[in-house]
Amino acid sequence: MSTNVPNPAKTGTASSLWGLAILPVLLLGAVLAYLVATGGGLKGLSGLPVEQLNIGRITLPERGVITMQVVNDSPQTMTIPQVMVDDAFWNFTADPPGPIPRLGSTTITIPYPWVEGEAHSITLLSTLGATFTATIPVATLTPQLSGSLFARFGLVGLYVGLVPVLLGMLWYPWMRRLSGRAMNFILSLTVGLLVYLAIGTWLDAQEFAVGLPAFWQGTPAITLIAVLTVGVLLAISGKRNADEQPLGLSYRIATGIGLHNLGEGLAIGAAFAMGEGALGTFLILGFTLHNITEGIGIVAPLVKRNPGLKQFFLLALIAGGPAILGTWIGGFAFNPVLSTVFLAIGLGAIVQVVWEVGQLVVRNTARLGLPVAGWSNFGGFTAGVALMYFTAFMVKF
Amino acid sequence: MSRWLQSLLSRRDVLRAGAGSAAALVGAQAVGQVPPAAAMDHTKMPPPATSPKGHGEHGGNLLVGTVDHVRNGFDPMQLLTDWDGGKVSRLPNGQTLRDYTITAQEKEIEIAPGVFFPAWTYNGRVPGPTLRCTEGDRLRITFFNHTSHPHTIHFHGVHAAEMDGVPGAGPGEIQPGASFVYEFDAEPFGCHLYHCHATSLKRHIHKGMYGAFIVDPRGGRPPAREFMMLQNAFDTNFDGANEIYAVNTVGFEFARRPIPVKKGELIRLYLINILEFDLINGFHLHANFFNYYDTGTTLEPTSRIVDTITQGQGQRGILEFRYRFTGQFMFHPHISEFTELGWMGLFNVVESANYAAALKDAGLDAAWDRRATQGSTVKGQGA
Ligand SMILES: [Cu+2]
Numbered sequence: 001m002s003t004n005v006p007n008p009a010k011t012g013t014a015s016s017l018w019g020l021a022i023l024p025v026l027l028l029g030a031v032l033a034y035l036v037a038t039g040g041g042l043k044g045l046s047g048l049p050v051e052q053l054n055i056g057r058i059t060l061p062e063r064g065v066i067t068m069q070v071v072n073d074s075p076q077t078m079t080i081p082q083v084m085v086d087d088a089f090w091n092f093t094a095d096p097p098g099p100i101p102r103l104g105s106t107t108i109t110i111p112y113p114w115v116e117g118e119a120h121s122i123t124l125l126s127t128l129g130a131t132f133t134a135t136i137p138v139a140t141l142t143p144q145l146s147g148s149l150f151a152r153f154g155l156v157g158l159y160v161g162l163v164p165v166l167l168g169m170l171w172y173p174w175m176r177r178l179s180g181r182a183m184n185f186i187l188s189l190t191v192g193l194l195v196y197l198a199i200g201t202w203l204d205a206q207e208f209a210v211g212l213p214a215f216w217q218g219t220p221a222i223t224l225i226a227v228l229t230v231g232v233l234l235a236i237s238g239k240r241n242a243d244e245q246p247l248g249l250s251y252r253i254a255t256g257i258g259l260h261n262l263g264e265g266l267a268i269g270a271a272f273a274m275g276e277g278a279l280g281t282f283l284i285l286g287f288t289l290h291n292i293t294e295g296i297g298i299v300a301p302l303v304k305r306n307p308g309l310k311q312f313f314l315l316a317l318i319a320g321g322p323a324i325l326g327t328w329i330g331g332f333a334f335n336p337v338l339s340t341v342f343l344a345i346g347l348g349a350i351v352q353v354v355w356e357v358g359q360l361v362v363r364n365t366a367r368l369g370l371p372v373a374g375w376s377n378f379g380g381f382t383a384g385v386a387l388m389y390f391t392a393f394m395v396k397f
Numbered sequence: 001m002s003r004w005l006q007s008l009l010s011r012r013d014v015l016r017a018g019a020g021s022a023a024a025l026v027g028a029q030a031v032g033q034v035p036p037a038a039a040m041d042h043t044k045m046p047p048p049a050t051s052p053k054g055h056g057e058h059g060g061n062l063l064v065g066t067v068d069h070v071r072n073g074f075d076p077m078q079l080l081t082d083w084d085g086g087k088v089s090r091l092p093n094g095q096t097l098r099d100y101t102i103t104a105q106e107k108e109i110e111i112a113p114g115v116f117f118p119a120w121t122y123n124g125r126v127p128g129p130t131l132r133c134t135e136g137d138r139l140r141i142t143f144f145n146h147t148s149h150p151h152t153i154h155f156h157g158v159h160a161a162e163m164d165g166v167p168g169a170g171p172g173e174i175q176p177g178a179s180f181v182y183e184f185d186a187e188p189f190g191c192h193l194y195h196c197h198a199t200s201l202k203r204h205i206h207k208g209m210y211g212a213f214i215v216d217p218r219g220g221r222p223p224a225r226e227f228m229m230l231q232n233a234f235d236t237n238f239d240g241a242n243e244i245y246a247v248n249t250v251g252f253e254f255a256r257r258p259i260p261v262k263k264g265e266l267i268r269l270y271l272i273n274i275l276e277f278d279l280i281n282g283f284h285l286h287a288n289f290f291n292y293y294d295t296g297t298t299l300e301p302t303s304r305i306v307d308t309i310t311q312g313q314g315q316r317g318i319l320e321f322r323y324r325f326t327g328q329f330m331f332h333p334h335i336s337e338f339t340e341l342g343w344m345g346l347f348n349v350v351e352s353a354n355y356a357a358a359l360k361d362a363g364l365d366a367a368w369d370r371r372a373t374q375g376s377t378v379k380g381q382g383a
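Protein chains in written order, with full-length UniProt numbering: chain G, 1 to 397; chain Z, 1 to 383.
Everything labelled a hint here was simulated from the structure, so no lab data went into it. Backbone N, C-alpha and C fix where the C-beta goes; we use that ideal spot for every residue, glycine too. Accuracy of the hints is not assured; some may be wrong.
Claimed, not checked - What follows is a set of in silico ranges between Cβ atoms, one per label pair, in the way DEER data are often shown: (1) VAL50/G / THR302/Z: 47 to 55 Å; (2) PRO49/G / GLY65/Z: 19 to 27 Å; (3) VAL31/G / VAL181/Z: 36 to 44 Å.
Said to hold, decoys possible - Examples of chain G residues toward chain Z, derived with CB under 10 Å: (4) ASP87; (5) PRO113; (6) SER126; (7) ALA130; (8) GLU207.
This is chain G alone, in the form it adopts within the complex (with noise of 0.2 Å):
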């Protein structure tokens, strides 16, 4: 073999090097272009024109009017000529008027006259007679931005995220004073927690993914954002140094906790908004409860350093305040989009944290000459798990 063949890849120039890799683009146009112009010899495969319509967020803004939001869900233009509430027909506007696009959008306004405390439902008509129906379980005026309502509701969140936070924060100085071997017992009880938040944050995501139009795949979503979350939320931890570990891992805890409570608020304040809100003071002492011991797992890697005062009320602030945060957004701005991304993400970042917790338990275990699938771990786990389990019955309905 001769040795001086010319390697093309390394004698090529850079503009030819840019043409290869060009090249298969222009002819996906090519083909793309004669797919769309043409349609390739398929058209008598294109069949009968198929309508989707996703009904998003309905508002009661004022007595006798309801507003929707809709998003043309199908392959094709549609167009919505007829509305029907509470199966008769009515009059009504959309704005912007006319056809839908494919992924275009809309905001029906009927005047209805329609009853405080009651149901109702809203079937839309379109020109192939095909029906859309959503409801309104309980309707009541839909809350409109206002200083008391925006106090009262960031007291809700208040209730819900950062005074539990706090209160589970203050068995700190008795957790000090435990054995080496009953704080791996609050660690695994830490992960326990964590195991349960994360379901809970996963079927959260899905309640809110499965109202989002089809094309933006909530299910597939929420999973790719939650691996990506725990990817990234890995290559930062492994490049911190094992001395500030403890108080960071804290502070992760923290964070993803913090997500699954925004989503926790943005519930809340969407259920309101919805005039659903199955969460009175009643509810509220509930969820009280039931995340007191999210403060326990936030603490628990810091026994054996105290960072001071200032660092406590700032792993609470990002625990527990996004509670508050996520009642505003739900009850006034609520995104289901944004929503399903923010819990995919909390997801993420409780994986992340369950796994470092996971392996403190680990290493602490085995520095003690214990089983790792012992007997104390798994009590510790299976009551973090049953606490919250337990918890929850106050809350579920």
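Please build the complex by placing chain Z with the ligand on the supplied structure of chain G, with the hints as guidance.
What follows is chain Z with the ligand alone, placed relative to chain G:
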């Protein structure tokens, strides 16, 4: 604290009443959105919503826009008076022969503004032609099937088995591209109907294959302004329940364009119920009472001075009444659901002197008026 406990206890009673709404009530109270009594005590409910903005004359209960009757090829208003006497000739025995041609066609029709329905039709319209004859006439109906499905015509009336238009009798279902001649004598007199009886029956009827079949008594009925009203409905999403209800196919058409009539004149309605998926339909006249002739097979009313009648699937009748006052008067079934889904209209009652103007308002001409008042003389066309 004790006050709070008390309120908690009273809320527990609420919770027992119904988890969903009660929970919402509790929640709403927590943020002070709703007065606590609102959902429970109706006497303390906030005042009902004032009339909504931008609605029509019927409180917003309407179809938005108008139907293109020209594109459809038929207008519900014209169908009211569109009697079809057929091609009239005389048989050697002196009997009147009426020849009709009815063609089954597939056609997309607009049943509400912007809403299209893939109908199966007789002569491209829903309902099909209003066949009108006199008792004893010989009817010869040549039926062509220009669709991709087998169809028939089943006439209510008295006839031979092979003319019944049902599968297994005579030619049975008429195949695509085939034809058949239905021939029989018109009897008894009355307000009848015809429809396809191919299987599956429900689908063939509700897709639009039906029409009015009116047999006048030999001696005729008293002169009157006559209208054919066929109560139908459409299941637009094929889920076995109707979305749109109407008289003569287009929902709210006679609410949008009230039917002009004169004060004091006798009005006669040929009312037919061809509803699918709902068991009954009906008719209620506002500010008036009427005499009712069940199936139209008698010359004496079967119900006198009633203002509401009920018709099951396939039932028909004739209504006679006069208006004592001018103004716009509603008619609709006393089935609220159907009323709000399109089956509602108005009579525009005017003094004779104002009738020409009322016709013009509704976009109608003298020919429509003539057909409305000479319906019972159709028999004169050959007899
Ligand atoms: Cu048929």
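Range hint compliance [Cβ, PRO49/G to GLY65/Z, 19 to 27 Å]: holds (21 Å)
Minimum beta-carbon distance criterion (10 Å), ALA130/G to chain Z: Check passed: Cβ of ALA130/G comes within 5 Å of chain Z, closer than 10 Å.
Hint validity - PRO113/G Cβ closer than 10 Å to any chain Z Cβ: This interface hint holds because 4 Å falls under the 10 Å limit.
Cβ distance range 47 to 55 Å for VAL50/G and THR302/Z, holds or violated: Holds, at about 50 Å.
Hint check for VAL181/Z and VAL31/G - Cβ pair distance inside 36 to 44 Å: Roughly 57 Å apart at Cβ, these two residues miss the hinted range, so it is violated.
Interface restraint verdict for ASP87/G against chain Z (beta-carbon cut-off 10 Å): holds (6 Å)
GLU207/G as chain Z interface residue, shortest Cβ-Cβ below 10 Å: violated (16 Å)
Proposed interface contact between SER126/G and chain Z, which counts if any beta carbon pair is under 10 Å: Result: holds, 8 Å to nearest chain Z Cβ.
Violated hints, in rising order: 3 and 8; the structure is consistent with all others.
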